[in-house]
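Asker: If you want the building blocks of each chain, they are given just below.
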Amino acid sequence: MNTTTEHATEHDHADAHDHAMTDAKYIRIALILAAITALEVSTYYVDFGPLFLPSLLIMMVIKFVMVVSYFMHLKFDSKVFSLMFYTGLGLAVSVYAVALATFKFFIS
Amino acid sequence: MADVAVAHDQHAAHHTSSGLSNVKLAMWLFLGSECLLFGGLISTYMLYRGRVNEGPRPGQIFDIPFTSVSSFVLLMSSLTMVLAVSAAQRKDDRNMNLWLTATALLGATFVGGQVYEFTAFYREGLGFTTSLFSSSFYTLTGFHGVHVTIGVIMLMSLVGINKRSKIHGDRAEVVEMVGLYWHFVDVVWIVIFTLVYLIPT
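Read top to bottom, the protein sequences are chains A and B. Heads up: take any position in the first sequence, counting from 1, add 18, and you land on the numbering used here. Going by the numbering used here, 73 is the number at position 75 of the second sequence; the sequence numbering is gapless.
For reference, chain B alone in the conformation it holds in the complex (with noise of 0.2 Å):
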C-alpha cells in the first residue's frame, strides 16, 4: 500500500499539459535565466580587467595555485550532490544525508577559500573600488560566493528537513532540484576559472 502511495507521488508531478516536471521546467528555466546574469558579469570584467590605475594588477595579485585547489574542491562538490541525487533515486535515506553533508561541508571549504583570498587580496591594497578591474572582480566572484552560499543553505536544510521527514511528495526530484542548481554554480565557477584566472590580461 505504502508503495502505492510512493509511486503515485513519483508520477504526480508529471501529470501535467507537457508531460513533463513543471518543478523541474521552472528550475532549467531559472538556470537558463541565470547564464544572462553571469554572462553580465563576466563581460563587465573582462572589459575591466585591464582597466588599473592605480593598485595591483590581476597577474601580480592571483594565487593559482590556492584558486586551483578551490576550484577542485568545488569540482568534487559536484561528484558528491549527483552521488546524493542517485541515493535518493534509490531511495537510500542513509547515503543521500551523508552525500548531501559532504556535498554542504565542500561547498563551505570552498566559500571559506574565497573569504580567505578576499581577505588577503584587500591587505595588499585591492579594495572594492580602488580600480574598475577590482570592482568588477569583486562583483563577478563575489556573486558566485553568494550562490555557493545559498547552496550551501539550501543543502543543510535539506538534510535537516529530510531528518526530520518532512519532505513531501518526490524527496527524489526536491534533491534533484537542488542538484541541478548546485551543478549550475559549478559550471559558472568552470568558466570563471578560466576567463578570470588562468587567462592573463
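Pulled out of the complex, with its shape left as it was, chain A reads as follows (with noise of 0.2 Å):
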C-alpha cells in the first residue's frame, strides 16, 4: 500500500471511530425522531391548512436524513461512501419525477 492510501486508511478510521457518537447521543436522536413522528401524526387530527403538505414532506425529509447521517453514520464515514448512496438516490428521484410529470401526476 502507497503513503496516500494509508493516510486515507488512517483518515477513515479516524473519521469513523472518532465521530464521538455516544449511546447516549443515540437515544436523543431516536427522542427527536419519535418527536417528529408524533408530529407527523398530529397532522392527520389538527387541519395545518396550506402548511400541510409542505410540512409533512419537510418532516419526512428531516427523518430520512438524521437515521442516514447518524445511525448510517455516513455523516461521519468517508464521502465515497455518501456518493454511493445519494446518487442511486438522487437518480431514482429524478427519473421517478420525470415519469410522474410524463403522466401528469403533479398537474392533477
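Source of the hints: derived by calculation from the structure; they are not laboratory data. Please note that a few of the clues may not be correct.
Okay, derived cross-link-like pairs now, DSS-like style, lysine-lysine, Cα gap no bigger than 30 Å in a straight line [unchecked claim]:
no. : chain 1 : residue 1 : chain 2 : residue 2
1   : A       : Lys122    : A       : Lys43
2   : B       : Lys89     : A       : Lys97
3   : A       : Lys93     : A       : Lys43
4   : B       : Lys89     : B       : Lys161
5   : B       : Lys89     : A       : Lys93
6   : B       : Lys89     : A       : Lys43
7   : B       : Lys161    : A       : Lys97
Computed, partial: chain A to chain B, Cβ under 10 Å [as the list claims (entries may be wrong)]:
no. : residue
8   : Tyr44
9   : Ala48
10  : Glu58
11  : Thr61
12  : Val64
13  : Asp65
14  : Pro68
15  : Leu69
16  : Met90
17  : Leu118
18  : Phe121
19  : Ile125
Computed spacing ranges between beta-carbons, pair by pair [said to hold, decoys possible]:
no. : chain 1 : residue 1 : chain 2 : residue 2 : range
20  : A       : Leu49     : B       : Pro198    : 27 to 37 Å
21  : A       : Lys43     : B       : Gly57     : 20 to 30 Å
22  : B       : Gly48     : A       : Ala115    : 31 to 41 Å
23  : A       : Val98     : B       : Lys89     : 19 to 29 Å
24  : A       : Leu69     : B       : Asp91     : 32 to 42 Å
25  : A       : Lys93     : B       : Leu103    : 22 to 32 Å
26  : B       : Leu35     : A       : Thr120    : 42 to 52 Å
27  : A       : Leu57     : B       : Ile159    : 16 to 26 Å
28  : B       : Ile159    : A       : Phe121    : 22 to 32 Å
29  : B       : Thr137    : A       : Leu49     : 30 to 40 Å
30  : A       : Ser60     : B       : Leu96     : 25 to 35 Å
31  : A       : Leu69     : B       : Asp61     : 39 to 49 Å
32  : B       : Ser31     : A       : Leu118    : 18 to 28 Å
Every residue gets a Cβ at the ideal spot worked out from N, C-alpha and C, and that includes glycine.
Using the supplied hints, reconstruct the complex from the two chains, each of which is provided in its own coordinate frame.
Answerer: Set out below in C-alpha cells:
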C-alpha cells in the first residue's frame, strides 16, 4: 500500500471511530425522531391548512437525513459511501419525478 | 498476542486499493440501487392510488393510529440496531446479542402488524386485484414487509452464529453491514408512511 492510501485509511478510521457518537447521543436522536413522528401523526387530526403538505414532506426529509447521517454513520464516514448512496437516491428521485410528470401527476 | 490478531483482522478489510472496506462499499452501492427499486414502487402507487373502480378507497380503509404505532416500533428498532453496532465496536458481546435480539423482536412485531393490517383490509373487501390502488398498495408495502422479514432472519442468524463464535474477520463490521440494511428498511418506511398513509388521495 502506498503512503497516500495509508493516510486515507487512517483518516477514514479516525472519521469512522472518533465521531464521538455515544449511546446517549443515539437515544437523544431517537427521541427527536419519535417527536417528529408524533408531529407527523398530529397532521392527521389537526388542520394545518396550506402548511399540511410542505410540513409533512419537510418532516419526512428531516427524519430520512437524520437516520442516514447518524444511525447509518454516513455523516462521519468516507464521502465515497455518501456518493454511492446519494447518487442512487438522486437518480431514483429524478427518474421517477420525470416519469410522474409524463403522466401529468403533478398537474392533477 | 490475541489483541494483535484482532487488530490485524480489523484492518485487513481496509487493505484495498481505495483504502476503504470493499464490503461496506458494496453495501452502500446495493442500498443506492434499492432506492431505484422502491422509487419505482412508490411512484407506481402514487400514480394508481386514486384509481379505484370498486372496493374501498385509501382514506376509507387506512387505520392511521395502528400504522403510527407500527411506524414507531420500526423507528425504535433502528435505535436498538445502532446500540447493537455500538456494543459490537466495544466488543461487548452480551449487549450486542441483547440489542440484536431486541431489534429482531421489534422487526417481527412490525411484520406481525402488517400481516394483521393486510388481513383486516382483505376482510373489508380490498383484495390484491380489486383495483389498481389495491395492487400497487399491496405490492409496495408487501415488498417492504419482505425486506423487514429478511432483516429479521439476518439478525437472528447473526445472534445464533455469534453465540457459536463462528463470525470470522471483523465482527463489528459484519454487525454494521446488517445494521446498514436494517436502517435502510427503516428510512424506506419513513417515506412510505408519509406518502402512502398520511397524505390523502
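Asker: Could you run down the list of hints and mark each one as holding or not?
Answerer: Do the hints match the structure? See the list:
{"no.": "1", "hint": "A:Lys122 <-> A:Lys43", "verdict": "violated, 44 Å"}
{"no.": "2", "hint": "B:Lys89 <-> A:Lys97", "verdict": "holds, 26 Å"}
{"no.": "3", "hint": "A:Lys93 <-> A:Lys43", "verdict": "holds, 14 Å"}
{"no.": "4", "hint": "B:Lys89 <-> B:Lys161", "verdict": "holds, 13 Å"}
{"no.": "5", "hint": "B:Lys89 <-> A:Lys93", "verdict": "holds, 23 Å"}
{"no.": "6", "hint": "B:Lys89 <-> A:Lys43", "verdict": "holds, 19 Å"}
{"no.": "7", "hint": "B:Lys161 <-> A:Lys97", "verdict": "violated, 34 Å"}
{"no.": "8", "hint": "Tyr44", "verdict": "holds, 5 Å"}
{"no.": "9", "hint": "Ala48", "verdict": "holds, 4 Å"}
{"no.": "10", "hint": "Glu58", "verdict": "holds, 6 Å"}
{"no.": "11", "hint": "Thr61", "verdict": "holds, 6 Å"}
{"no.": "12", "hint": "Val64", "verdict": "violated, 12 Å"}
{"no.": "13", "hint": "Asp65", "verdict": "violated, 12 Å"}
{"no.": "14", "hint": "Pro68", "verdict": "violated, 14 Å"}
{"no.": "15", "hint": "Leu69", "verdict": "violated, 13 Å"}
{"no.": "16", "hint": "Met90", "verdict": "holds, 5 Å"}
{"no.": "17", "hint": "Leu118", "verdict": "holds, 6 Å"}
{"no.": "18", "hint": "Phe121", "verdict": "holds, 6 Å"}
{"no.": "19", "hint": "Ile125", "verdict": "violated, 13 Å"}
{"no.": "20", "hint": "A:Leu49 <-> B:Pro198: 27 to 37 Å", "verdict": "holds, 29 Å"}
{"no.": "21", "hint": "A:Lys43 <-> B:Gly57: 20 to 30 Å", "verdict": "violated, 39 Å"}
{"no.": "22", "hint": "B:Gly48 <-> A:Ala115: 31 to 41 Å", "verdict": "violated, 18 Å"}
{"no.": "23", "hint": "A:Val98 <-> B:Lys89: 19 to 29 Å", "verdict": "holds, 27 Å"}
{"no.": "24", "hint": "A:Leu69 <-> B:Asp91: 32 to 42 Å", "verdict": "violated, 48 Å"}
{"no.": "25", "hint": "A:Lys93 <-> B:Leu103: 22 to 32 Å", "verdict": "holds, 28 Å"}
{"no.": "26", "hint": "B:Leu35 <-> A:Thr120: 42 to 52 Å", "verdict": "violated, 20 Å"}
{"no.": "27", "hint": "A:Leu57 <-> B:Ile159: 16 to 26 Å", "verdict": "violated, 40 Å"}
{"no.": "28", "hint": "B:Ile159 <-> A:Phe121: 22 to 32 Å", "verdict": "violated, 47 Å"}
{"no.": "29", "hint": "B:Thr137 <-> A:Leu49: 30 to 40 Å", "verdict": "holds, 34 Å"}
{"no.": "30", "hint": "A:Ser60 <-> B:Leu96: 25 to 35 Å", "verdict": "holds, 33 Å"}
{"no.": "31", "hint": "A:Leu69 <-> B:Asp61: 39 to 49 Å", "verdict": "violated, 25 Å"}
{"no.": "32", "hint": "B:Ser31 <-> A:Leu118: 18 to 28 Å", "verdict": "holds, 20 Å"}
The structure fails hints 1, 7, 12, 13, 14, 15, 19, 21, 22, 24, 26, 27, 28 and 31 (numbered hints given earlier, in ascending order).
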